[in-house]
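Assemble the whole structure, with the sequences as input and the hints as a guide.
Just so you know, the sequences run in chain order A and B.
FYI, the working numbering numbers position 146 of the first sequence as 146, with every residue one higher than the one before it.
Plus 146 on top of the position in the second sequence (first one is 1) and you've got the working numbering.
No lab work stands behind these hints, which were simulated from the structure alone.
All values derive from a computational prediction rather than experimental measurement.
Where is the CB? At the ideal position from N, CA and C, for every residue including glycine.
Careful: at least some of the hints might be erroneous.
Covered by chain A, according to a simulated footprint, are these stretches of chain B (three or more residues, beta-carbon under 8 Å) [as the list claims (entries may be wrong)]:
(1) 229-238
(2) 242-250
(3) 263-269
(4) 306-313
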Amino acid sequence: MMRASSLVAAALLMGLSLGVRAGEVTLGDPYARAVPPGQPNSAVFMTLRNTSAQDLALVEAQSPAAEVVELHTHVQEEGMMRMRRLDRIELRAGETVKLEPGGLHLMLIGLQQRLEPGESVELTLIYDDGSEARIQAPVRKIQMHH
Amino acid sequence: MTRNRLVGVILVLVGLLVWLLLWEPNGAGGGGERHAPLDLAARPGGGDFTLDSASGPVSLADLRGRVVLLYFGYTWCPDICPTNLAFISQALRELPPEEGARVQVLFVSVDPERDDPQRLADYTAYFHPSILGLTGTPQRIAETARLYGAAYRRNQGTDSAMGYLVDHSAYTYVIDPDGRLVRTLDHATPPPEIRAVIRGLLAEEQVG
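Structure (structure tokens):
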């Protein structure tokens, strides 16, 4: 009995303390790529900085703007760019991870809304400790500024 | 004694060198499981082709006098193709109009199952109105890709909700006004560099 309740207490405590950890990831410049009308998919990019002392991983993302959101990366193999789904994006303690065109990205599959500049996409990021962060990613056209 | 040993060592080394020079990786002969479009080693020379656009067939041979940028991709491509098309379009917009008129960008679909000519036209127009989206039978697309050394492979075995993906090379092939493949630009080549390549070729054409 004692044991069970202390387990529950421990779980609660863990939940509470872990729940804070999403807050220890600083998000930089999130944006969703504007896509042509009729385009079923797009991608979201940002910088994730794990300011905590512990390793963390992004394991899931959800958005009302898409049927499914997946974690993806690109690898260059045999002269081809190959997109691959990932189970998790590791965020080591103190590390900054860049989600950017040609590399890691959150893939929006089955778009539920048109992605036009000026709009924004709501996203929930879920980490491996169960903690969540809600963000807004403005829609932008990819352009090179020079 | 030591001299003999030295001579022996030298002979062994020379033997090794000869063996290395004659040795061919065994993959060169019998890479049977690989797809034909994957054969990047073929040193592509380019060449004429005809494919279909929403407004009818397009032949490279009809585009003499223009610099042609040729890119292989697909409209479902979520990241790589839009980046390259955005950069190419930006380069086009930054050309003086009279030069822009002497450039033709061709986007060839490597996903004929999902990309029909109209879909391609809508897609390419989003980036720049002058880009032509091209498709054709899988055979004709494969032949065109082979001419230019573009590699692609339909990847069924993904666990993505997207269904199949198409792995593909992301080079832009630059064809001069005489129809010759003169350069290959890497993925995400910045717009100023693309523009410089185009202008260089147009200037040569003027001189010649």
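Next item on the list: Compare the structure with the hints numbered earlier in the document and write down the numbers of the violated ones, lowest to highest.
Entry: 2
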